[in-house]
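Participant: Each chain is listed here by its residues.
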Amino acid sequence: MTYVLAALLAVAAVLFVARPFLREPGARSDRLSEPDELDRRRLALLEERDRALDALRELEFDHRTGKLSDDDYRALVGPLRRRAAQATRALEPRGEGRERARAAG
Amino acid sequence: MAELGRAALVVCLGLSAYALLAGGWAIAAHRRRLAVSAQNALVAAFGAALVAGIVLVVALVRHDFSLVYVQRLTSRELPLGYTLSAFWGGQEGSLLLWLLVLTGYSTAAVYTSRRRHADLLPWIVPPLALVATFFAFLLVAIASPFETQVAPANGVGLNPSLQNPYMVAHPPLLYLGYVGLTVPWAFAMGALLSRRTDEAWIIATRRWTLVAWTALGIGQLLGAKWAYEEIGWGGYYAWDPVENAALMPWLAATAFLHSVMIQEKRGMLKVWNVLLVILAFGLSLFGTFLTRSGILDSIHSFTESSIGPWFLGFIALVVALSLGLVFLRLPLLRSRTRLESLVSREATFLYNNLLLVALCLTILWGVIWPLLSEAVRGEASVVAGPYYNFFLRVFGLPLLLLMGIAPLVAWRRASLRSLRGSLAWPAGIAAVVAVVLLLLGAGSSPAGLLAYTFSAFVAGSIGYEFVRGTRARRAVDGGGWFAAFSSLVGRNRRRYGGYIVHAAVVLLAIGIAGSAYDSVRSQQLSRGERMTVGGYTLTYRGSTQREVANARELRAQVAVERDGKSLGIVEPGKNFYPVEQQVSSEPAIRHDAMSLGDLFVILENANGDGSIELKALVNPLVNLIWLAGLVFLGGSLIALWPDPAEQRRMLERYALAPA
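Protein chains in written order, with this note's numbering: chain R, 1 to 105; chain Z, 1 to 659.
Hints in this document: simulated from the structure, not taken from any laboratory. Note that the structure is predicted; figures quoted are calculated from it, not measured. Here a beta-carbon is modelled for each residue, glycine too, at the ideal position from N, C-alpha and C. Some hints here could point you the wrong way.
To spell it out: a stretch of chain Z is covered by chain R in this simulated footprint if at least three of its residues, at any positions, have a beta carbon under 8 Å from a beta carbon of chain R; those stretches are [to be verified]:
{"hint": "1", "region": "15–28"}
{"hint": "2", "region": "409–418"}
{"hint": "3", "region": "469–481"}
If we take Cβ atoms under 10 Å as the criterion, some of the chain Z residues that face chain R in the derived model are [to be verified]:
{"hint": "4", "residue": "Gly47"}
{"hint": "5", "residue": "Ala200"}
{"hint": "6", "residue": "Gly267"}
{"hint": "7", "residue": "Glu340"}
{"hint": "8", "residue": "Arg345"}
{"hint": "9", "residue": "Ser422"}
{"hint": "10", "residue": "Arg649"}
Just chain R, same shape as in the assembly:
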């Protein structure tokens, strides 16, 4: 009985491991998908945008709670807004970005 259970365990394990090949015996594409250079650039911009937006939220909150003086707030908020805007613009499709820039004057 013990040996049967052990054999069953081994067979079940092999079947589970072989499952991707059994389900797709002749897969059209077997290449592991990885982010290309464009994906990586986009991800870096998304991180940059989120980091800047997060920093802006943090800045507002620190200013509101009195941790940040008015002078420091004014000195920091401008560059952060510019960084967030730049990253957002760079993430937009090219035509849309230009349209928006033109509309903004």
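Add chain Z to chain R, keeping to what the hints say.
Facilitator: Structure of chain Z alone, referenced to chain R:
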């Protein structure tokens, strides 16, 4: 049944090795189906380890003494709960627990990452599989819990000191912590292997690190509670290498949990964060090595130990591979941003990191030095409590102070004027507390007084942060105070959960500092005689003996009075375990709700003439340490609680990589 257990371990080893090799080949040759197959192998390895675990549990419950492990650690007289806890009571069982938890975590990592970090997943499988292969190999070839023999009539029994409810929960929690640190390490290695040095691995691992860190923290507190109630010397932490083994990775993980925020918010400290993850994981392996290799008994027992050299070799391999990979990827880990000011939140986090790592490495040196000296000179040097206590003060007190300052400082830069404004309230509270304590005579211990003053400062700072934050939220959202408070915590669970954890550290510091004001007294007492200690009067009334399932209990009846008022009887004693042929001390502990301290009474000896030797301690504020555990757990759960809005944002950010 033993054959099934052995077969399950062999299958587990095969699956883990396949996951390592096939997973490695899949990422090298970019093979999708092979990568999924390797992931499945890791999941199936969990199934096989689970079968092995179930076989051991069944053997324990059925008192199957044909298994050497079961016979060595249990007896027919042992209650069921402790029989089950023998699973992790010995070397082989605890290695099986490591494997079980590791493959369990790996399975969870595979399933949770398939949706959110599909492109990173193939790269984390080989590191996870490497560790699983090592532990499965140990269990198959070196230290099997399924070794058999001709079954004797009864077993040797479990060490009496392990027959304690806290010892049932302490090791599994420690292992959840130790092993849990494998996952952040695997993600870090996967990120370096795949050249993905963006924030994906940080985002993917912060919850894993928090889970492991929480389990390790609670596990250590349960261990301290066990030592307090079971070892019977009146303390809870003795800087024993086994205790330090769990503290070191916890300190490294604490540093990582703080510095990771700097990487998230500023894109800085990428190399430092990877190094901290390697340090935490390396120390968790080292901790297991310390407790399981026999090296603590003597350097010679280590060389004779079956698993010690293997373990040391594996730790060296892991550290060398990890550091080699960091070195190779250094150009990708360079940060483009710089620290803007030495007075900023990120700067305080940096100071906190340096202190935590310094404390961690100091403890590591204290643990290693006796081993090195024994290896080199043939004679072990002892690194005792004063060494550790000195460095705990040197690094711990500034850490406590920083814990109060950091929340009050803004990110990026803070002017000294606004910082002075923020510090005024907490510093005022701390000053008042210091004066009151001085008037009460707490100046007898300068370190204790400093710890209490800093604790008051941190408590003031946390309270002030909650009040200011709630006020700011209310100004924006309107509504009542409670709604504003809920919104404040709900919007940033990590930060405010973290503050609650800081409050737990304050309670812990106050509880620990209380030991500077302990009272101790030992005295021989005949029936009717009395002794006094810390305001208590103890009168010896006599002794009784009774038989229980697996022991003979001796108890001394001691009447307790304070200020002329009777507080009842306490019964310190000793248990004699006939099967194990051992004696354990069973102290009597009387909690005092008013002072949050304990009267701790130890029966040191029962003499033939009917007299006893009694030792009594009054431990002020010690119960705050256990309360800290509950607060710590609460804060960790708040920090861990998922934030749907952030999850959506992360999913959107990382969903760009196709599965």
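Participant: Are there hints from earlier that the structure breaks, and if so, what are their numbers?
Facilitator: none
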